[in-house]
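Residue numbers (numbering that gives the first Met the number 0), protein chains in the order written: chain A, 0 to 188; chain B, 0 to 188.
FYI, nobody ran anything at the bench for these hints, they're computed from the structure.
Hints are supplied without guarantee of correctness; some may be wrong.
Note: identical chains are not told apart, hence a pair may lie in one copy or across any two.
[Claimed, not checked] BS3-like cross-link-like pairs, simulated, lysine-lysine; straight-line CA separation at most 27 Å:
id : residue 1 : residue 2
1  : Lys45     : Lys167
2  : Lys53     : Lys91
3  : Lys39     : Lys152
4  : Lys44     : Lys70
5  : Lys39     : Lys167
6  : Lys167    : Lys91
7  : Lys45     : Lys82
8  : Lys39     : Lys70
9  : Lys82     : Lys114
10 : Lys114    : Lys96
11 : Lys167    : Lys148
12 : Lys178    : Lys39
There are 2 protein chains.
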Amino acid sequence: MKHPCGIRKNESKSVTYSNRGMGLEHDINLSNEYYLIQDKAVIHKKPTPITIVKVDYPSRLEAVIKEAYFKTPSTTDYNGIYKGKYIDFEAKETKNKDFFPLRNIHIHQIEHLRKVVNQGGIAFLIISFTSTGQLYLLKAEDLLEFIQKNTRKSIPISYFETHGYSIKYTYNPRIDYLKIVDHIYGGDV
Amino acid sequence: MKHPCGIRKNESKSVTYSNRGMGLEHDINLSNEYYLIQDKAVIHKKPTPITIVKVDYPSRLEAVIKEAYFKTPSTTDYNGIYKGKYIDFEAKETKNKDFFPLRNIHIHQIEHLRKVVNQGGIAFLIISFTSTGQLYLLKAEDLLEFIQKNTRKSIPISYFETHGYSIKYTYNPRIDYLKIVDHIYGGDV
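The following block holds chain A by itself, in its conformation from the complex:
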């Protein structure tokens, strides 16, 4: 995995990273900020998991990471607390209109969702179908049932229509997924 710096230098290309994860991630982060400011919930995106190999200290106060690698995530991206309850979810975008490819979710993340459900937590996916603008919340229980009963490598849109919950975009918060959580779990949350 380690990159022998210099050898492939001419082949490599650099990209700026600043626009990565806009769209759904950005909207959810803004919604979480809204919930936080309103004292409604404390839900954060976890930092991207990386392995740091080399850090430079050009001055006493400054540290620059000069070599690091992305790690496969072992948990989901978002977790936190809402009305005393543990909340845990993964958010993904797809350009496909008719299905959501399961390869977008790592096996470790599915196992993590299963463990959270077993511990009594509230776990789900938020899937954005970017070409149609449709947005669904799918309970982890329904994701796990789909995987158990199917050998398909993607979840068809019809499964979201029958088992998922459509989320409408609103002004503030942009994606009010806790409204759906209230609806699903009712008085328990």
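Model the placement of chain B on the given structure of chain A, informed by the hints.
Just chain B now, kept in the frame of chain A:
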């Protein structure tokens, strides 16, 4: 914050990063792994928050982060679920025998703990006094009360003795902090 690569090159020194965060962090990670395998709790350390500036792709399958910076954490390092309840804590080591310096905890982290308590979560610190081998769990409520009532910039060991809970090292899990959580929150957890 950005580092104009090359200008300070001769001044900079590189360090390997692999041994950072051993000790307390290592023991807690092992304990969390034990809890996970035993289906007792799902608690993970969050990745280190960084800002990624430049990524190289020497091949299609490989991404190397070539420039990134550490960010001030806005939350604590550990969170998860135990018996349906949201758990959130920060773990810190100090070499001091008689006090724990509060500068080791960022103001954002203290605010985060306050918000978690307000949402009904279980929040605390685990502090390791490495020169004496003493280990304490201090509830976030007691940390917040100390800060409110004192202008001191450190918490004396006597406060841990009177308000905290001593944790004994055990074989497996190495640091059985959920035993203390059970003791404190009793039938609620």
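Structure-based check of all given hints:
1. Lys45 to Lys167: Within one copy, since 25 Å is at most 27 Å while 30 Å is not.
2. Lys53 to Lys91: between (31 Å within a copy, 23 Å between copies)
3. Lys39 to Lys152: neither (36 Å within a copy, 31 Å between copies)
4. Lys44 to Lys70: Classified as both: same-chain Cα gap 16 Å, cross-chain 14 Å, threshold 27 Å.
5. Lys39 to Lys167: Classified as within: same-chain Cα gap 19 Å, cross-chain 37 Å, threshold 27 Å.
6. Lys167 to Lys91: within (16 Å within a copy, 42 Å between copies)
7. Lys45 to Lys82: Classified as both; 20 Å inside a copy, 22 Å across copies.
8. Lys39 to Lys70: Result: close only across copies, 25 Å inter versus 32 Å intra.
9. Lys82 to Lys114: Answer is both: 21 Å inside a copy and 11 Å across each meet the 27 Å cutoff.
10. Lys114 to Lys96: neither (30 Å within a copy, 39 Å between copies)
11. Lys167 to Lys148: neither (29 Å within a copy, 46 Å between copies)
12. Lys178 to Lys39: within (11 Å within a copy, 30 Å between copies)
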